[in-house]
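Engineer: Each chain, written out:
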Amino acid sequence: MFKPADVQGNILRGYRKPRVRYLMLEVADRAAARRWLAACTSGRDGVPQITTEEPWITKPVTCFNIALTYEGLRALGASQRSLDTFPTEFKEGMGQRAVKLGDVGPSAPDSWPAPFDEPKRIHLIATIYADESAQLDSVQQQALAGNSGFSLLGKRDGFNFNDNYVHFGYHDNISQPKFAEIHDVESLSDAQPVAPLGTVLLGYETNFEGLLFKVPEPEPLGLNGSFNAFRVLQQDVAGFEAYLTTAATYLLAHPKVDELLPPGAEAKIGEGLSRHAALREVVAASFCGRWRNGVPLALSPDTAHPSPEVDPTDFDFVGDSRCPYGAHIRRSNPRGGQIVQRVANHSRRLVRRGMPYGPAYYPEKPDGEERGLLGNFIGANLGAQFEAMSCDWTNLGLQDPRITGSNDPLIGANDPATSWFDIPLKSGATIRLRELPRFVQTRGGAYTFLPSLAAIRYLGALTN
Amino acid sequence: MPSNLPSNLTGDLTSDGSWFDRLVDRLPQTGLMKFVAARILVPYWAWRYPVEKQPGGPPFSIQPGDNVQRMMNLVMPLKDKSAVGRAIAALAIAQNVDDIYAGLDNVGTVHFARFVIVDNNICMLSVYDGDFTNYIRDFIATIGSVFDAVVGLVEGGDDVIPSERNIEKFIDWVHAHDMYQVPDLATGILRDQEALKGDTADTGNDDLRLLPRDLILQLNVNTNVSLGSGYRAYPGYSAAQVRRQFGIGW
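Protein sequences appear in the order of chains A and B.
To convert, note that position 175 of the first sequence is 175 in the working numbering; the numbers rise steadily by one, no gaps.
To convert, note that position 227 of the second sequence is 227 in the working numbering; the numbers rise steadily by one, no gaps.
Rather than coming from a laboratory, the hints here were simulated on the basis of the structure.
Some clues are possibly wrong.
To be verified - Residues from chain B that face chain A, not an exhaustive set, calculated with beta carbons under 7 Å:
hint : residue
1    : 60
2    : 108
3    : 111
4    : 120
5    : 126
6    : 129
7    : 131
8    : 137
9    : 145
10   : 148
11   : 155
12   : 164
13   : 167
14   : 241
15   : 244
16   : 246
As the list claims (entries may be wrong) - Simulated pairs of lysine-lysine, DSSO-like, Cα-Cα distance not exceeding 30 Å:
hint : chain 1 : residue 1 : chain 2 : residue 2
17   : A       : 178       : A       : 120
18   : A       : 214       : B       : 53
19   : A       : 120       : B       : 79
20   : A       : 120       : B       : 53
21   : B       : 169       : A       : 120
22   : A       : 268       : A       : 155
23   : A       : 214       : B       : 79
24   : A       : 91        : A       : 59
25   : B       : 81        : A       : 91
26   : A       : 214       : A       : 268
27   : A       : 3         : A       : 178
28   : A       : 59        : B       : 53
29   : B       : 169       : B       : 53
30   : A       : 91        : A       : 155
31   : B       : 81        : B       : 53
32   : A       : 365       : A       : 17
33   : A       : 3         : B       : 81
34   : A       : 214       : B       : 34
35   : A       : 214       : B       : 197
36   : A       : 59        : A       : 155
37   : B       : 169       : A       : 91
38   : A       : 59        : A       : 17
Positions of the beta carbon are idealized from the N, C-alpha and C atoms, including for glycine.
All chains, full assembly: derive it from the sequences and hints.
Structural biologist: Spelled out as structure tokens, the structure:
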């Protein structure tokens, strides 16, 4: 039976707060850390209270959640017998899975900055969500006051600098799995089936018919928990914009350019755009599967401003959809479209919660600042969802023979020597773009377990 | 002079040596020396320099072409090591042939699968595309009952069936029964041994003189291995690419 008060509040829906802070913590004093955990379930002793899934009447000013690594569970004294019941990829940790995730070259764990260079020391990641920076500081102070039992290894702040827009200039946070237990599914416009709770929570039916994911033992520790791939993803905005320019120049001279963008159609892409500028937007939209304002190509392949407006989620990749097979949103989630792994439609879905970090980029004032996305990829099984998507779909493109051998144009581990991307034309022909560089580099991350409230109490009450 | 080099090589190098050198060179070929090596030297080495068993299957690569047409070589010891046991295993496959064909078709990432019985091991050999765990998981979701019928006849198999209720454990178990694929490059085995110890940095200190010993120690723990990761006569294509090219639907 689903009990909202037992589930951490950042799993099934987003708080939609503009600021976030991740505190990477190490257990320094096991007994004190356990007392801290016991206290945070109720917010006593001044420790910030965990925000749960329980419906609220007024939205809290700040929200607070925690995640544990395998080393964290061990440091808190979970028994070996219990630790053995966690899945292999979680035990090994994100760094050991690097090649599967495309974390190679400059993205390899060897070159991750502190605190991610010492992954075994990261035990707990606490997350604070707030409207203002000062609130982040005050909750952090509250969390680590006195002898909390934890030492702070590092922190990362995220900020929605432009509402729901992220670096690279796309509107994000549009489509998420919806759950009958949480959302008003009757009024949803999303064409995708409602997700069973087992998509993200342990102990429930999954999207794989008949398959159940292992609930770590003992039950109070595993039930209603979830797994998360936390990723620090650096985005090369200047490199991305430069590639759009190069690609648009190439397309302008391409013999089939008029089929891609009929002369005079530039205004449909954006007001006052030159032909070159409009082609840049066509490339950007093809890469993502959405125009930068979020309008899906599946519903509006020729204009970013359809009239009447189209729903951002009410579409599928069936029939003669003109969304490129290799576009980011289609690769990551092929919805009901034809794919090679026939049992895998909808089964690799996961919840994505991300927030940009670093300042907004202004092309007229280039800077050397690091910027990117602090991403959370949440699901009941990291292997069946996050990793399955990363290694066979994001990279390799195994789901469709027309893209096999290519990587995701936006987030893939691309190498200009071998990379390519096909833009479809109305006739069914394609124009192939080549030499895509890697636009997103991994700068850190961890596989974490998002324990239920009962699990936090269980860990807080351990005495060994 | 290392005694484990082929005698024709050492012989050429030391043909001017003393009678003692010639004796040492001939030693690896003698029955006494082979006995000493197998019964005393290797066990001593294995105790002195413990080597972990290498995981099975091909390494995941970042080169897309390397991640299609990958080899799975499962070697699973039958519980019943008699003609009756072998016959039961043969029947388990025969009775599920229709499901096996349906599974291969629906999983979508398999080129072919073979079952053979060798010395009371039932072996499942297949060529698949992409990640191993995804392949096995999709197979469980498609025809888990066939896996269960086979794995139920194998030593230790009862702990991981029904596969649909033990997905993670089942995948790990299958992975453990997949043969280690000995790298083609001589230094590859050193890299694999480092990786298993969690040492990901290239040390650059390859003592190639130790290579024969490292190989022997590895094969002492990985007794069934694949030499290389399979050799293709043409570049790798996914099963769906082949099917699409021939217009047979994917």
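Engineer: Take the hints in turn and mark each one as holding or not.
Structural biologist: Cross-check of the supplied hints:
1. 60: holds, 5 Å
2. 108: Holds, because the Cβ-Cβ distance from residue 108 of chain B to chain A comes to roughly 4 Å (cut-off 7 Å).
3. 111: Because about 12 Å separates residue 111 of chain B from the closest Cβ in chain A, which is outside the 7 Å limit, the hint is violated.
4. 120: Given a least distance of 29 Å, the restraint on residue 120 of chain B is violated.
5. 126: Result: violated, 15 Å to nearest chain A Cβ.
6. 129: Holds: closest Cβ of chain A sits about 6 Å from residue 129 of chain B, inside 7 Å.
7. 131: At about 5 Å, which falls below the 7 Å cut-off, the nearest Cβ of chain A leaves the hint on residue 131 of chain B intact, so it holds.
8. 137: Cβ of residue 137 of chain B sits 6 Å from chain A, so the hint holds.
9. 145: The hint is violated - residue 145 of chain B has no Cβ within 7 Å of chain A, the shortest such distance being about 10 Å.
10. 148: violated, 12 Å
11. 155: Status violated, d = 21 Å.
12. 164: Holds: closest Cβ of chain A sits about 5 Å from residue 164 of chain B, inside 7 Å.
13. 167: holds, 6 Å
14. 241: holds, 4 Å
15. 244: Since chain A brings a Cβ to about 4 Å from residue 244 of chain B, closer than 7 Å, the hint holds.
16. 246: Violated, about 11 Å.
17. A:178 with A:120: Cα-Cα ~34 Å, so violated.
18. A:214 with B:53: holds, 26 Å
19. A:120 with B:79: Roughly 40 Å separates the two Cα atoms, so the pair is violated.
20. A:120 with B:53: holds, 23 Å
21. B:169 with A:120: Distance ~24 Å between residue 169 of chain B and residue 120 of chain A Cα, so the pair holds.
22. A:268 with A:155: It is violated: about 43 Å lies between the C-alpha atoms, which goes past 30 Å.
23. A:214 with B:79: holds, 27 Å
24. A:91 with A:59: violated, 36 Å
25. B:81 with A:91: Violated - the C-alpha atoms of residue 91 of chain A and residue 81 of chain B are around 36 Å apart, more than 30 Å.
26. A:214 with A:268: violated, 50 Å
27. A:3 with A:178: holds, 17 Å
28. A:59 with B:53: violated, 54 Å
29. B:169 with B:53: Holds - the C-alpha atoms of residue 53 of chain B and residue 169 of chain B are around 18 Å apart, at most 30 Å.
30. A:91 with A:155: Satisfied, since the Cα-Cα distance of roughly 23 Å is no more than 30 Å.
31. B:81 with B:53: holds, 25 Å
32. A:365 with A:17: It holds: about 28 Å lies between the C-alpha atoms, which stays within 30 Å.
33. A:3 with B:81: violated, 51 Å
34. A:214 with B:34: violated, 49 Å
35. A:214 with B:197: holds, 28 Å
36. A:59 with A:155: Measuring from Cα to Cα gives roughly 25 Å; hence the hint holds.
37. B:169 with A:91: Measuring from Cα to Cα gives roughly 13 Å; hence the hint holds.
38. A:59 with A:17: The hint holds at about 10 Å.
When held up to the earlier numbered hints, the structure conflicts with 3, 4, 5, 9, 10, 11, 16, 17, 19, 22, 24, 25, 26, 28, 33 and 34 and fits the remainder.
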